[in-house]
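Colleague: The primary structure of each chain is shown beneath.
Protein chains: 2
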Amino acid sequence: MEEFKITFLPEHKSVSIDKGTDLLTAALKTGIHIYNSCGGEGVCGRCKVIVKKGDYATEDSGRVADLEREKGYVLACRTTPKSDMEVLVPEESLLGDLEILTEEVKAKRLAGLYTPVEEIEEEQYSAISKVFKHGPLSTKLFLKLPKPTIDDNCGDSDRLLREIRKYHKEITIMQMGLSNIKRLPQLLRDSNWEVTVTLGNRNRTTEVVLIEPGDRSNRNFGVAIDIGTTTIVAYLVDLNSQKVLGSKASYNPQVDFGEDVISRIIFAQHEKGLEKLHHAVIDTVNTLIGSLIKEVKLTLDDVTSVILAGNTTMTHLVLKIDPTQIRKDPYIPAVNFMPVIRASEVGIKINPRGLLACLPSIGSYVGGDIVAGVLAAGMDKTKDLSLFIDLGTNGEVVFGNKEWLMACSTSAGPCFEGGGLKCGIRAMKGAIQNISIKNGSLEIGTIGNLPPKGICGSGIVDIISELLKNKIIDRSGKIKKNNICEVRDSGGLKEVVLINEKDSATANAIIIDENDIKNLIHSKGAIYTGIEVLLKETGFKKSDIKHVFIAGGLGTALNIRSAINIGLLPDLAEKNFVFLGNTSVSGAKMCLLSSEAMDKAESIANKMTYLDLSANASFMNNYSAALFLPHTDIELFPSVKKLL
Amino acid sequence: MEEFKITFLPEHKSVSIDKGTDLLTAALKTGIHIYNSCGGEGVCGRCKVIVKKGDYATEDSGRVADLEREKGYVLACRTTPKSDMEVLVPEESLLGDLEILTEEVKAKRLAGLYTPVEEIEEEQYSAISKVFKHGPLSTKLFLKLPKPTIDDNCGDSDRLLREIRKYHKEITIMQMGLSNIKRLPQLLRDSNWEVTVTLGNRNRTTEVVLIEPGDRSNRNFGVAIDIGTTTIVAYLVDLNSQKVLGSKASYNPQVDFGEDVISRIIFAQHEKGLEKLHHAVIDTVNTLIGSLIKEVKLTLDDVTSVILAGNTTMTHLVLKIDPTQIRKDPYIPAVNFMPVIRASEVGIKINPRGLLACLPSIGSYVGGDIVAGVLAAGMDKTKDLSLFIDLGTNGEVVFGNKEWLMACSTSAGPCFEGGGLKCGIRAMKGAIQNISIKNGSLEIGTIGNLPPKGICGSGIVDIISELLKNKIIDRSGKIKKNNICEVRDSGGLKEVVLINEKDSATANAIIIDENDIKNLIHSKGAIYTGIEVLLKETGFKKSDIKHVFIAGGLGTALNIRSAINIGLLPDLAEKNFVFLGNTSVSGAKMCLLSSEAMDKAESIANKMTYLDLSANASFMNNYSAALFLPHTDIELFPSVKKLL
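One line per chain: the protein sequences are A and B, in this order.
Throughout the first sequence, residue numbering follows the numbering used here, covering 882 to 1525 in sequence.
Throughout the second sequence, residue numbering follows the numbering used here, covering 882 to 1525 in sequence.
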């Protein structure tokens, strides 16, 4: 097969590829990570690159504008070389390469995705520990066994189990594997009959997971992990003191294979696709655990359990379970209630006999992260009706109280994470995070107070709200001439210039065009309609909602007023809204520390009804009505009506 | 290191060995199996060979008589070469090599160790199936799952478990491993949602062991195995119909490494000793299972469970658990109540996910074979007091009823298996099995009606009884001149010639000397004293015993009258004695077919008190008194008193 050399600019990284290999794959081989939401199917239009030299074949997928095509833009995933090539990857197509970032920058970029240890200690620990009885996934117990005699001559393993029962009369079924039994005779005698056993909660039975010589009962640690589509967050927890000893976050490197769950499910069907996705996430989990334990000078052996919360697809991929059916009608996961297994079964490196639990999922598009969130929000503890919203590429919404819960998932699209917009970027350094129009001029705040590179999720919500308030756009999203911002025409599309070329960090103007606004309206409409349908299905009104819990990384930076103005959130008093941050990891931590909490998570999962919106007639009706700012029916947003 | 060639006669098999290697090890390398009870420690004196050529170093262990030494006799385990050697292995030192035996001969040699299928069908099946509810270790269930819809959208594995619960409402805890969950999405859809699940009873939880496409519910088979120190017996059982489809037996090839459990425990401490012992027994188990399934045209995948009954040491060795502590004060096994594991964990080849259960042991010297025996004898079903005796190298005795059970183990020595006697052989072709003195002359019956080679266990009991009755020996075992048998002097020891040189198959006279009689008296004394101590400890008299169950291979050939005459069995009416054959395998089969039976076995094991005779003062007192024929106190044997 003919081979061509592809050089990627501006980094000048080269790779030789076969004639038939596309540029997206080529870039991945050099370690350059290009955005793609669709798994390289030519659909999302995110992987644009500019050909500087060389011949190529490319497919026109309608994602490249005429003007762009003239400049050499192609979709990397649809383009194959016919000669050696030089290809420029524009910054907006680049996924930040974490490796070259400083710790400080990493921390900024991941800010909001997890809570620093100090805050967890103060805010969460005390509250949570009051709610559920301490009873971690794995417990250590130091035992001084009575030495055997002629008259007390039961077998070594029988003696051990007998002694454990003295301290845990509540245990009904106790299990111990062959390998522990094999080690026991020598171990007990070498340790003078003083050993520490690790007891694991495995699917309502108790397993003797580990037996160590001497008293090791004070070295019992676990890790709670949120496996997000975009980010992975891990807490190291002392299972005895219940204290969080460290927290770390990292991008989910599966992003290389597709930005959202659908594109990853598609990628999983490729040759070795599932394996690659699985290893990507497991390697990151291992790196996070490794650096967490290093910081506090523990060893892998000291970590006896791990608990994961993730959406259904992420949970499948961590476990290396084929997720194909998740995206095929009627959308069925392989498993919702995953049994506790050994962490080593999926390659997670802790104590080789340590346990792995997963928060249960509800359905294909409402996973363990949401169950963790509902648990952490305490929605099931009160008769008050509350709404739980996880704002992400998938917008999950849960409505209910202690008696019932109903959940749905809406494909909000990547807007709230900076995707799907011409100048949208992630919540990274230089991203416009908030914006306001004061005294007739734009005031812009960026992350790190740096020259602006683009707009992130919370910035977009702010911008649309401000443009609407100042009548720069009308309620259908059409842009009008005004005295505040420059409006110009770009290939037949009107766009508002937020930052001109000379003030931008990228030397390109940062703009928002009518397509971007349309995308945003679709996103916010999806979430809002999800809320509406849940209210309708359960027969309640907006005014019945007592609390709105907002979870997810976007959450903490979101301006509630702006979100109500654009019709993303229901028009309620601001005091009703509560930002909870990453409830996936905090809920997971609760389950790691308390089997009572895990039982509660299971009962939440059992209780929660999953409403599939793809099959819901009223969703489509309501959705069309929501494609207006804030809504076709302005009466639903009295405070916005007043404002306009 | 210097090497020498050792040639073993009469087979002319050669091997090169290092200067320091003993002849027992050398023989083993050529595949010649020489008797040794002590694990090559120079103690048992069973491994005598005759040096025909060559120089050697040998240790005098007092086991080789002067006359023998002159003929070139040495202990193979204590002799190392100083030059190339030719060594004759006399037939009495040879362990039969199973490989070269015809099927017919094998069957004869193993006769009595297991019951032919036809008999099992008639005698046991109907009786047992009435006692315990059918509920095998693994059950197959064919399911037609409701296909998922948008409204019935639970996960594949959750759907499967939900469906199983419809048929098994009694299940509290159901488990399924990751590998089954991984296979499920494809499997369910490929099989049009019609699958057969295998449900395993694992330590009071139910495991989904296997999932197969289509209806395979009629292919569910298990194997019940008795792992004896000398013999391994396996039954292939249809777990649905409860019928035994085949039965096979084989020698336990661990015999190569030592004849009794103590010598094997010693051998296990050698380098790779445990591994060798483990593989020896596992290979045989696999061969037995392989040939059983071949006969009825099944595949290994059709076999979903195996259950083992063996003494405590055998159970340890099968599981590859170090048995060292079993023979060290205070004699503690690693495990009595072994959890159900996967058969593949110990290398047993059935369905790779199939289960392995072991009958629970009571202590170091009363194992799962005895629990199986008590279960099969039904001792725990009645208020009647009964005695269970397993006559073997270890003589296990159990006394009790449905309310309580007490067990002890006496080291009877190898007499009852033909060991420890000058002309003792196993129950093999040509072995003298019964003997009587009629009209002043000996009448001898051999296995296969062949020229006699030696005396086996039941023959020895008969001989001593007949010699006693005819006053050829006195009650202390001293041999007297008489008109029936030739009595001669051999190196200061008197011996009775049973078969002279010319009538013997080995060309050596078959004799019994005063040492043999002393050994036998010690053996029978140990068993009888075990019985006496159990009676004493529990405060009962001999006349309280309603049934005496005799188990073990020797059992069926034993003459009860002779056994009472020599003081081996208590002086009760013959109708009180019941021969049960191999109760180890029949009890195991009951547990394979019924979880109720397994529960009963566990309750038997829990209920049974193990009396350690090595620490029992009254044992030593009573034992001395029992070293007489039939006993020092003849009043204990009124029927024998009358006879004499």
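Treat each hint with caution, since some may be false.
Pairs involving identical chains hold if they fit within one copy or between any two copies, as the list cannot separate such chains.
No more than 25 angstroms apart at the CA atoms, straight line, and that leaves these computed lysine-lysine pairs for DSS-like [as the list claims (entries may be wrong)]:
no., residue 1, residue 2
1, K1050, K1488
2, K934, K1201
3, K1522, K1124
4, K952, K1283
5, K1352, K910
6, K1124, K1422
7, K1028, K1488
It is worth saying that the hints were derived from the structure and are not from the lab.
Colleague: Decide, hint by hint, whether the structure agrees.
Modeller: Hint check:
1. K1050 <-> K1488: between (30 angstroms within a copy, 21 angstroms between copies)
2. K934 <-> K1201: Neither: 41 angstroms inside a copy, 67 angstroms across copies.
3. K1522 <-> K1124: neither (48 angstroms within a copy, 82 angstroms between copies)
4. K952 <-> K1283: Neither. Shortest intra-copy (58 angstroms) and inter-copy (94 angstroms) distances fail the 25 angstroms Cα cut-off.
5. K1352 <-> K910: neither (47 angstroms within a copy, 98 angstroms between copies)
6. K1124 <-> K1422: neither (41 angstroms within a copy, 66 angstroms between copies)
7. K1028 <-> K1488: between (49 angstroms within a copy, 22 angstroms between copies)
The structure does not agree with the numbered hints 2, 3, 4, 5 and 6 stated previously, though it agrees with the rest.
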